[in-house]
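Residue numbers (the UniProt record's numbering), protein chains in the order written: chain L, 1 to 315; chain F, 1 to 289.
Bear in mind the hints are in silico, worked out from the structure with no lab data behind them.
Glycine included, C-beta positions come from ideal geometry on N, C-alpha and C.
Take every hint as true, because none was put in to throw you off.
In silico lysine to any residue, SDA-like type, Cα no more than 25 Å apart, as pairs:
| id | chain 1 | residue 1 | chain 2 | residue 2 |
| --- | --- | --- | --- | --- |
| 1 | L | Lys272 | F | Leu251 |
| 2 | F | Lys117 | F | Ile200 |
| 3 | L | Lys81 | L | Val294 |
| 4 | L | Lys272 | F | Val144 |
| 5 | F | Lys117 | L | Leu47 |
| 6 | L | Lys81 | L | Thr174 |
| 7 | L | Lys115 | F | Ala38 |
| 8 | L | Lys220 | L | Ala210 |
| 9 | L | Lys220 | F | Arg22 |
| 10 | L | Lys85 | L | Leu100 |
| 11 | F | Lys117 | L | Leu39 |
| 12 | L | Lys85 | L | Phe71 |
| 13 | F | Lys117 | L | Ala32 |
| 14 | F | Lys199 | L | Arg27 |
| 15 | L | Lys115 | F | Ala20 |
| 16 | L | Lys81 | L | Gly70 |
| 17 | L | Lys272 | F | Lys236 |
Non-contacting residues of chain L with respect to chain F, defined by C-beta distances greater than 12 Å in every case (computed):
| id | residue |
| --- | --- |
| 18 | Gly70 |
| 19 | Lys81 |
| 20 | Val95 |
| 21 | Leu156 |
| 22 | Ala173 |
| 23 | Leu212 |
| 24 | Pro259 |
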Amino acid sequence: MAIPRDMNAPATALTDVPPARDHANPRSAIAAFLTPALLIYAAFTALPVARTFFNSVHLVVPNRPDEWVGFTHYAELWTDKIFWKAVHNTLTWAVAAPILEVTIATLLALCLYAKVPFARFLRVAWFTPVLMSYVVVGILWMWILNYDWGALNEILRGIGLGGLAQPWLGHPATALPSLIGVTTWMWTGFNMVVILAAMSSLPSEVLEAAELDNCGWFAKLWFVILPLIRPTLLNLVILSFIGKMKIFDLVWVTTRGNPLWSTETVSTYVYKRAFQWSEFDLGYPSTIAVVWFVIVLAGVLLLTAIFRQRDRIEY
Amino acid sequence: MAFASDRTAVASRPRISTAALRSAALILFIALYTAFAAGPFVWVASMSLRTTTEINADHYAFPWPMHFEKFAVAWTESNYDTYFFNSAAVVLAAVAILTVVGGMAAHCFARYRFPLKGVVYFLIFSTIIFPPQVTVIGLFQLMVDYGLYNSRIGLVLVYVAIQLPITIYILEAFFARIPGDLFDAARIDGYSEWAIFWKISLPVALPAISTTIILNTILLWNEFLYAVVLITDDDKRTLPLGVLRFMGDQLEDVGMIATGLMIAIVPVVLIYVFFSERLIQGMTAGAVK
Numbered sequence: 001m002a003i004p005r006d007m008n009a010p011a012t013a014l015t016d017v018p019p020a021r022d023h024a025n026p027r028s029a030i031a032a033f034l035t036p037a038l039l040i041y042a043a044f045t046a047l048p049v050a051r052t053f054f055n056s057v058h059l060v061v062p063n064r065p066d067e068w069v070g071f072t073h074y075a076e077l078w079t080d081k082i083f084w085k086a087v088h089n090t091l092t093w094a095v096a097a098p099i100l101e102v103t104i105a106t107l108l109a110l111c112l113y114a115k116v117p118f119a120r121f122l123r124v125a126w127f128t129p130v131l132m133s134y135v136v137v138g139i140l141w142m143w144i145l146n147y148d149w150g151a152l153n154e155i156l157r158g159i160g161l162g163g164l165a166q167p168w169l170g171h172p173a174t175a176l177p178s179l180i181g182v183t184t185w186m187w188t189g190f191n192m193v194v195i196l197a198a199m200s201s202l203p204s205e206v207l208e209a210a211e212l213d214n215c216g217w218f219a220k221l222w223f224v225i226l227p228l229i230r231p232t233l234l235n236l237v238i239l240s241f242i243g244k245m246k247i248f249d250l251v252w253v254t255t256r257g258n259p260l261w262s263t264e265t266v267s268t269y270v271y272k273r274a275f276q277w278s279e280f281d282l283g284y285p286s287t288i289a290v291v292w293f294v295i296v297l298a299g300v301l302l303l304t305a306i307f308r309q310r311d312r313i314e315y
Numbered sequence: 001m002a003f004a005s006d007r008t009a010v011a012s013r014p015r016i017s018t019a020a021l022r023s024a025a026l027i028l029f030i031a032l033y034t035a036f037a038a039g040p041f042v043w044v045a046s047m048s049l050r051t052t053t054e055i056n057a058d059h060y061a062f063p064w065p066m067h068f069e070k071f072a073v074a075w076t077e078s079n080y081d082t083y084f085f086n087s088a089a090v091v092l093a094a095v096a097i098l099t100v101v102g103g104m105a106a107h108c109f110a111r112y113r114f115p116l117k118g119v120v121y122f123l124i125f126s127t128i129i130f131p132p133q134v135t136v137i138g139l140f141q142l143m144v145d146y147g148l149y150n151s152r153i154g155l156v157l158v159y160v161a162i163q164l165p166i167t168i169y170i171l172e173a174f175f176a177r178i179p180g181d182l183f184d185a186a187r188i189d190g191y192s193e194w195a196i197f198w199k200i201s202l203p204v205a206l207p208a209i210s211t212t213i214i215l216n217t218i219l220l221w222n223e224f225l226y227a228v229v230l231i232t233d234d235d236k237r238t239l240p241l242g243v244l245r246f247m248g249d250q251l252e253d254v255g256m257i258a259t260g261l262m263i264a265i266v267p268v269v270l271i272y273v274f275f276s277e278r279l280i281q282g283m284t285a286g287a288v289k
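Same shape as in the complex, but just chain L (with noise of 0.2 Å):
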């Protein structure tokens, strides 16, 4: 980013309106390397949103023209006890997984940046978990939690401690939890990737005056270190609860909401009620979809608001 853009740009067309004929900015250039783009957009993206924005408030019904209800579905929302249980799960998940994410990435990070040997097989083995679909991960970890054979509770048996042993994803108090620990293990190698190419672009002189000062190792991580990679570990948070809060692949593959709606999430819930529930109305999941991406921008935006520094925030 360096370089600015449009060095060639004459001083005169800095303002956004193009003279008449305007060699390095010719019309129907310009339209016709954009229009295939939007015209994507508009068919696979806008559309789809305004029409769901338009179900929101409309019984929405097969063979049947829509029926315009005005704001009931959003009346009905606000008293339907699984969309607030749903939306608790979702919140406590996206608030959680990026804490837990960031924190044990930037102690992986540290690590190796003290430059400990195999340090690039690390990285590698620490990132892999990323790369696969959450049905893949989903039905592992189903396995890994399996009370009779699991992972899990055979490590707890083996080292002594078989009394914890418990159907980890079949408990209420555990199942939301757990599945909290599935999406740490998948994202810490990302973030820790993140975080150390920000700590390996730090500038040495900075990191050198703090040795030279005799800077205890635990000062100058604190005191020198976070501050500088502080605009990378807010991106990831903000990163991390966008992700968290469209979560369903893993919650539908493993635990489909249950048991007693303990990790049922607000995508899920959608799903189920346009798809699954065999209520025939899209106007009430459509509802929730509209609701929910009006919370998810606000917490963007609060994050982004509660976080704001001279760095702007890109997400």
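We have chain L already, so just place chain F on it with the hints.
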């Protein structure tokens, strides 16, 4: 014993001992985390080579003898050939279209000035934070209207749409760094705008293009939500749907399910082995700035 010898060491040479203790803790932490991160794959890989009877006898034994024939069985008898082919076809088509369409749009954003450029870019890019539910219900209805519901072509177009923003974002950043002199020279040589894109932007940006190709391939290979909503026929299912369907049917056949999981994992791991740097670049492109 250990404590006693430690204590004497602390008394005689405290600095070295704390340093040794610290590095021992560090190694322990790294070893534990590595086992945690990689262990599950080693386990599923070993189970994929064992029969369910062997697995039921001991879930954690070494896979010997190795039953490679299980892959052939899954491939021919459990429809994995169809799922694999569907996944490969859908992903390859979507990635090819994405590269050209996304590349054209990114070139346009990076090279030209036009009215509302910022607004259009923001509109496309802001969809990255949309929860998929807000598109998926409307999309389901529209795909039925378009006649593209339960069709692989429809799935390809949807995949292009969901990966378009990040593709444009990565490519635009790279295209914008190509020196403008290159384009001026090409114009003076009489290149058309299309030729400039095709013969200069794309070749020069090959590193960024390969990053987006690898990133999109992996993300779409793993995609589940849109596929499960838009595809119903078994012979059109992609691998994630096929794996899940197989698990639903054969809940107890752990060995065969593990083989199916490996069929889904192996292509990703191969791409990762050959292109790990590019892939990491692509995956982290949105976070590092």
